[in-house]
Every structure is written in structure tokens, then in C-alpha cells.
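Colleague: The residues making up each chain are set out below.
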Amino acid sequence: MKAATKSSLLKNVVAVCGAYLWAGMGYVVSLWLQLSLLPALLLTIFPAFLWVYGVSRFLTLQDDAGTANATTWQLPIACIILTAAACVMIKAHGEYDAWLHWNSLARYMSSPSFFAYLHQEHSLWHADYPPGLPAAIGFVWRLLGDFPEWVPRSVSFLFYLATVLLLCSAAAKVSAFPRLWLVVLMLFAFNFECLSQGLNQYADVPLSLMLLLVFMLLDSYKCAPQNFQLFLLGFFMGACMLFKNEGMMLAICVMLVYARVWLRRNRALWLLAGLFPPVVLLLLYKQYIPQSNDLLEGFGSNFWHGLVRPENYLILLRRSVRVIGGRFPLPLLFSIWCLWQLCRKPHFLKSRKLCSLILCFGGFSFIYLTTSYDIVWLTNTSFNRILMQLLPSFIYFLIEALRKAYPENVHANNHNS
Amino acid sequence: MVLRIKWLIGLACCVLALHVAHFLKWQAAADPFLEVAAAMHSIRPLVSQDSLLTILAQGVEEKYMLYARYELIPGKASFEPNPQNGMVLLLTSRCQVAALTEKFLQTSNATVCWQETDATLGFTLLQLK
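So the protein sequences, as listed, match chains A and B.
So in my numbering, spot 309 of the first sequence is number 309, and the numbers just go up one at a time.
All you need for my numbering is the position in the second sequence, starting with 1, plus 1000.
Worth double-checking, as some hints may not be accurate.
[As the list claims (entries may be wrong)] Below, simulated DSSO-like cross-link-like pairs (lysine-lysine); rule was C-alpha separation at most 30 Å, straight line: (1) A/K404 / A/K173; (2) B/K1006 / A/K11; (3) B/K1006 / A/K91; (4) A/K11 / A/K353; (5) B/K1129 / B/K1103; (6) A/K91 / B/K1025; (7) A/K173 / B/K1006.
Don't read these hints as lab results, they were simulated from the structure.
This structure is a prediction, so every number in the text was calculated from the model and none was measured.
Could you build the full structure based on these sequences and the hints that come with them?
Modeller: Structural data, given as C-alpha cells:
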């Protein structure tokens, strides 16, 4: 039996997530064109199918030797444990944001006539939310002729499952710590905050998966540069934008911090080609929706004022300590343990990767510092979700750092001695 | 093909288990939603899709949102009474139902021939001339 390695899993996730997005993008175009069901179906299915074909045909990922059967049994176990935890934790009535914002938006997208209402002022609270997540759900609802809730719930759970499986498969490759994958699984299966957000169809988990894919593809690109991977990187950065308003800031931060990667190899055109479809669709969509972007509203006017207020930094710091300690205790303990292990290796401290990550995440926190809203209210209502968006990427960074700091041969030597 | 059948079957089983768990919890939950849903279902046939004008403000009680999740039709910003009976439903929060009904009547300049407000459930059914 061929092993399900990290690369093949990553390739699967890239194929499925990309297909989901292409289907959504195609469907939004069909709604604009007011197409009937059959042409809309073709416009939705065809780009998704083309994407899956393109990924399976052209994407070659770097696969590390010696870890070929690292994940043959870990991943099914991870699936079972995560599903069991989800079954216990799932709420009978779901969550507020999921159906008030995302499912409502999906219902607007479930028919061309409903979609036309989005034109109107005050059509929907937060009509400015991007269409990446709800468009495909709206498409399935249109096909079914009903609005069953199992559709968005399945989508949400599968995004969560994919995120955790990718991290577990990456952790299974750290041969120095053979039970690391189990610890990573426990972080996401038994931390209520993570699980509740994964189960209740917030868009934060899909956004966190898109960001994770960007970092994973970036690592793969650095090992074995391939133009198609750059295209994928651009596409998934665009996907971040298409999933949530915050994703715009996040994608811009990543793009700027890692600019040396795309510019040094003089292949920025491939990146831009990948970025082009989701960004163009998003800009057209935003143009189409009369409501202003709640994240960007007042951004310019408050930018410098927010940046130079020391109280803002203190509020952010206090809130970070409270939310990380209170809601993410397991990831916090895991991070401390990892950092302790890594600090024993002096070359880790010289690594530029940590600086890059801190720059990305620090840049992202500008959405709080420069907001036109009351920063206390904004951090109270959204900081836990923002952390969830960043958590998988941060855990992935720690796992990869551990893998590089503790290579297999060193561990074997230590074991023998 | 990049996707493998055994993985797809496995994931489908995971999702199915999740929905079974959700269904069981949904069945077991004795909640005010059922009461609201039953009341709303009884008046639902009176109200056409376009006339369901919702005033869902931030902070509204959860059970109305639960109702809205199942029954709410994406509505127009401008309302149109049901052409057959002139009915309009204002769905709002319990504490705001009177104030929002009055505001609606003022801003819409509508002439009401019959109206019933349920302050317990938080909605007003209006029949316009």
C-alpha cells in the first residue's frame, strides 16, 4: 500500500481547496450573468475540474526521503479522534456568526434573484463579506432546491479536518519526537476554542487553512523551485483575500515579508498570475456590493493616529495575554515546550524564518492598531478568532523548526550513545 | 487522479458521524426555538417571501436568530406586502418589538388595517391597506 505522505496529502488538500474556490468563483460569475441552472452548473464545475486536473498533472512537491510511511496509520487515527471530539463538542444550535453572516450570504447566493438583492443598501448585515466561503454553499443549495444546514457544517468540518491532518502529517515527520503528531492532534481535538471554531462554520478556519497552505507551499518552493508552485502561492494568497476581509491584510503582509523570495528569482509574474483571478473577482464583487468594507472603513483616516497611540499597543498586549492564556492553553504550553527545545539549538536563534513569521503576524496586528472602531470592543469580539487564523501556521512553523533542529541521524546517534 | 477513493470514503464517514451526533443533540435539546418555530410556522403561510421584512439588530436574542436560520428568506430592503392579503411580518427582538413596529409605520407611511404584536416571541404581523 502506498503511503499517504505529507506531500500527497498536501497535494490533495491543494486540489480540493482550490477546486472549492474555483467552483465558488465560477458560480459568482454565473450569478452576475443571471445564468440559468445548466450554464451555471457548467461555469461552476468546469474551472474546478480543470484545477484538479492541473494540480494532479503539474504540481510536483518536495518529498523528504526516509519518511515514506510515516503517516500510513497516524492520519486515519487523527481523523477518528478528531471526529469523536467533534461529535461530543458539537452544539445543537450552532453558532451565531455562522448562520447570521455566512449562511445568510450563502442564501443570497442560492439564486440569481436573491443575489440581485445584494445590490441594495442594507440588504444584509455584512454584505461586504467576501464570497469565497458562501458561494459554493449557495451553489449546492441551489442544486438541492433547499437550504439544509448539513452542507455548510460539512464544509466547515472538512476545512478543520484538513488543517489538523496537514499539521499531524508534518509532525509525523519529526523523527526525533515520534509522538509529536499525537500532541498536535490533541491541541486541536481537545482545545475548545479551536474545535468550536472549526465546527461552527466561521470563515476563520478556512482562512487559517489557506494561510497554512501558503506557508507549506513556500517551504516546498524553497526546496525545489517550480513555476507552478509560485502560481499556487499567488492563488492561495488571493484565496485568503477571498475568504475574509482580514485575509487581505494577511496576504499583503506575507507578500511583503517574503518579497525577496519572489523577486530574487525574478519570477514574480507567476505569482501575480496566480493572484490575478481571486483578486479581480474580489474587486469586482466589492464594487458590486454597495456596503463599504467594514475592515477598511476609516482605515486611512485613523492610520497614523492609531499607530502612535501607546495605549493601543498596551490594550493589544493585555488582550493577547488574556486570550492566549485563557482560551488557547494547550497551544500555549506546546509552544513554550517547542521554543524551549529550539532554544537549545543555537542556530535556531539565528534563523531568519522566525523573524519573517513575527513580521507577518505583527503586520497583521495593524488591523487593530489602525482600526476606526473602538479597539477594546474589537479585540474583545474578534481577537480569539484572529488567533485561530494564525495558530495553524504558527504550529506548522514550530514543527518544521523542530524537524530541522533535530534531524533523524542526530537523534539516532543520541539514542545509540 | 490526485484524490483517492478510500480517503473520500473515510472523510464521508467522519462527516456522517458528525451529523448523526448533531441530529441526536438537536433532538434532545428542549429549547425555546421549537416554541418560536411552531408559532412562526403557523403564520408563515400568511406571509409572502418579499413581505418578510426583518429587523434583526445586533444583540437580538438567540432564539430569533435560530428561527431566522431556518425560515428567513433573503429579503429586499424595500418591502412588498403579500399581494393576496396585504400581510407584512416584522420579525424583531422581543424588547424592541413595539419601538421598531412604530418606527416602521412612521418611515413606511403605511396604513394599517389590522395588526397583532407578539411581545413574547418578538414579532408583529401587519395587514396593510
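Colleague: Look at each hint and say if it fits the structure.
Modeller: Here's how the hints hold up against the structure:
no.	hint	verdict
1	A/K404 / A/K173	holds (10 Å)
2	B/K1006 / A/K11	holds (16 Å)
3	B/K1006 / A/K91	holds (29 Å)
4	A/K11 / A/K353	holds (24 Å)
5	B/K1129 / B/K1103	holds (18 Å)
6	A/K91 / B/K1025	holds (7 Å)
7	A/K173 / B/K1006	holds (22 Å)
Every hint, counting from the list given before, is met by this structure.
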